[in-house]
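In case you want the letters, here they are:
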Amino acid sequence: MSAPLSPAPVVVPPAPGSNPVAGTEEPLPLWRKALSPLSSLRLTVVLLAFSVLVVFFGTLAQTEDGLYLAQNRYFRSWFSTWSPLTEGWRWIVIPLPGGYLLGTLLLTNLVAAHATRFKFTWKKSGILLSHLGVVLLLVGQLFTDMLARESRMTFSEGEWRNYSEDFTASELAILSDAPDNGMAEVVAIPEGRLRAGEIIRQERLPFTVRVSQWLPNSEPIFRAPRATNGPPQSSSPVSKRFDFISVAETHKMDEKNIPTVLIELMDTGGKSLGSWALSVWSGDPAMAKSARTSWYRRFNRGDTSGDDSQARMMAGQLHAFLTEDQTVTVNNRTYTLALRPRRYYQPFTLQLLKTTHEVYRGTDIPKNFQSRVLIDHPARGERREVNIYMNNPLRHGGLTYFQYQMGRDEFFSTPVAHSVLQVVQNPSWLTPYIGCALVAGGLLVQFGIHLVQFVRRRVTT
Amino acid sequence: MEFRRLLSLALIALASLAWQGCKREEVQVYQAPKDLPPPNPAMADAPQATGAPAPVKAAEPQSPPWVTPDGWMAVPSNGGMRLASYAIQGSDGRTASVSVVPLGPEASGELDNVNRWRRELQLAPITAAEAESLRQPVKIGSMDARMFELVSDQNVLDGKFKSRTLVSMLAVEQATIFFKLMGEDALVAENKPKFIAWLKSVQVGANERSEPAAPPASASGPSMAGAVAPPPSTDLPKWTPPATWKPVAGNAMRLASFAIPGDGGAVGDLSVVALGAQAGGVVANVTRWRRQLELPPMDENELSSSLKSLPTAQGEKALLVELEGTAGHAGSNLLAAIVQRPDRTWFYKLTGPKALVTAERDNFQKFVQSVTYP
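Residue numbers (this note's numbering), protein chains in the order written: chain S, 254 to 714; chain X, 16 to 389.
These are calculated hints, taken from the structure and not from any lab test.
Residues on chain S that point at chain X, a partial pick, calculated with CB under 8 Å:
hint	residue
1	Asp433
2	Met436
3	Val439
4	Ala441
5	Ile453
6	Arg457
7	Tyr598
Don't be surprised by glycine CBs; every beta carbon is placed ideally from N, CA and C.
Input sequences plus hints: build the corresponding full structure.
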């Protein structure tokens, strides 16, 4: 009888931080002791498990919160909570770590493991390379999160743009003629500062801005002359014709919040210069046009005469009222006030020359959206025409322009085509590619080393 | 030790990034090129931000009688003297503008005009002979015309740029039309070929027909024909309702509603509605009311003669109509007044039991007469 095969002796690695041969070596330095708990493989597993949970709950939450809010709540946060969407079960609150916390801990865990346990040998070079790739992915994502910016450029055929606009954030822009060069001087107050009670001073402004009310989402209601009208919201002209009422915030992907801010301006002596109702409905031409189209349809509803000129005229007039300049003159200088999507200016100009919108024959399924644009970049002496279409973005000046949307303003009997480009600025856009390449290369190297060792051992035996 | 240093650096970098992400958003101050107005087709859409009057009928874009060069952006004329205006933007904030202005025949004096343009460029006046020597022949449409080109000596634009003016004029029967391009020197020089081509594209006949008797209706071009109405006022008219009438909430269509108590708990309903100037016409509306009360239709003459006229406080007239319901509407009466004004047609309509409407007839007429419109 042959003796049963006994399993090979298992070599238990020393616990992190413990001294393998107690009493024979110097005690560990303090920094290693401190890092030891953080380098645990168990911690890695727990963190990865939590990551799976956060991705799961974050994805579920998108159905109610929409993409952007869910991203902010679950992934761009340190802590979050999730509750079931079903009424009656909402009392259940599950605390979750946020994406920042998990990323930071995973990174610390990996770095600490290398600091305390890993020793560089050529045999483990593949693992080291893969881990370097993982570090790059984690850090690159953090940089992307901090530095990347997505915005949009909306223009009609023939129009120029030298700026793009934020998808969600707005700003209170106070514009005046720059003293000496024909440009506009802009004081841009980000919407984060536009909270009720906030008082904003800026040395370039001869007045103080006091925020009376911030409506994160609003609707313009025409103040038809009616005996039951309340007092106007502000002393600005737009308030003679419109009230901006607060409506519930939306988180849907195909809807957006249109904010309004009510402000009062005070001169240096503290005297009120008046109050203004400023809305993105007025400050964003695209929103004003959409309101005009909506009014036009409403006025034209039920009219079977085929003559829509009255509806056009009335909608056009409402549009004119809505977009009337709101100004204040102080010390002989006129300032125009507007709440508008936050702008990011570029040192070059794009002009939309032509839009092409093709669908598959007999269907409404888009086949090709294409914008032909003229780039005018005087500092580089560059002036050229390019086509931007699906999967063929324009990369220029550190920005990437993707074809995003296309439409026609049906208000005109000869509709005016417009195009929306998504403008992405991401200085660390290469890091995921390099990170993934390092991970893949590291794994290949490691498997290669093992394969060679295995083959050699077989040859030897 | 090396590793510790690297770790410290990495932690500091992460902390600073986190701080950057968390810090309060700051107010930014910067200079940017001024926004350009939308291009030509979009400008034709009724009044833009200026709140300028809108054409009542012709809200459609109208083509100007010339070919607008690429890169020229139509801007609103603000209801002023200009038939059309265009803005030209250079790549680095330099600007130029194009205007078409009709002036009376007395404005055709060449020397006065040339010296006026020279004054704008801070240049000294010149003599008639010198002005004559500056003439450059051009074509406006098919007609021979002259053009003047003037350049400032100094940097008169913001103290940085020289200014250049190109101007040509065309005398028509009762007016002289000036076509002028002025702005930053190099930009205007660059646009000179376009300007000359533009002049040549002018349909002279079209201009002559569209004699500048009134300011343009919109920025789309020299559309001088067509009725121009002021935008409807959104202010409420002033009125004095009888003390017994109670203002009540109306609906989206109504400007005001009153509940009018009668005998035996009856309540009459008075509505005030303002519609566009046309509003379907008096006959169509009265016919509609008759139909609502199941009254037989009347022909236009018959119906018009049935209306009574009532003078209002502002010297206008209100057309009064009183209808008595039949069949299922027996006992119901309608008393209405229609006031047609240039911008809107006002409808005052009282409905209720016959006795109530009859009793309130005087009050109703006094109310309609008392209204003063903004």
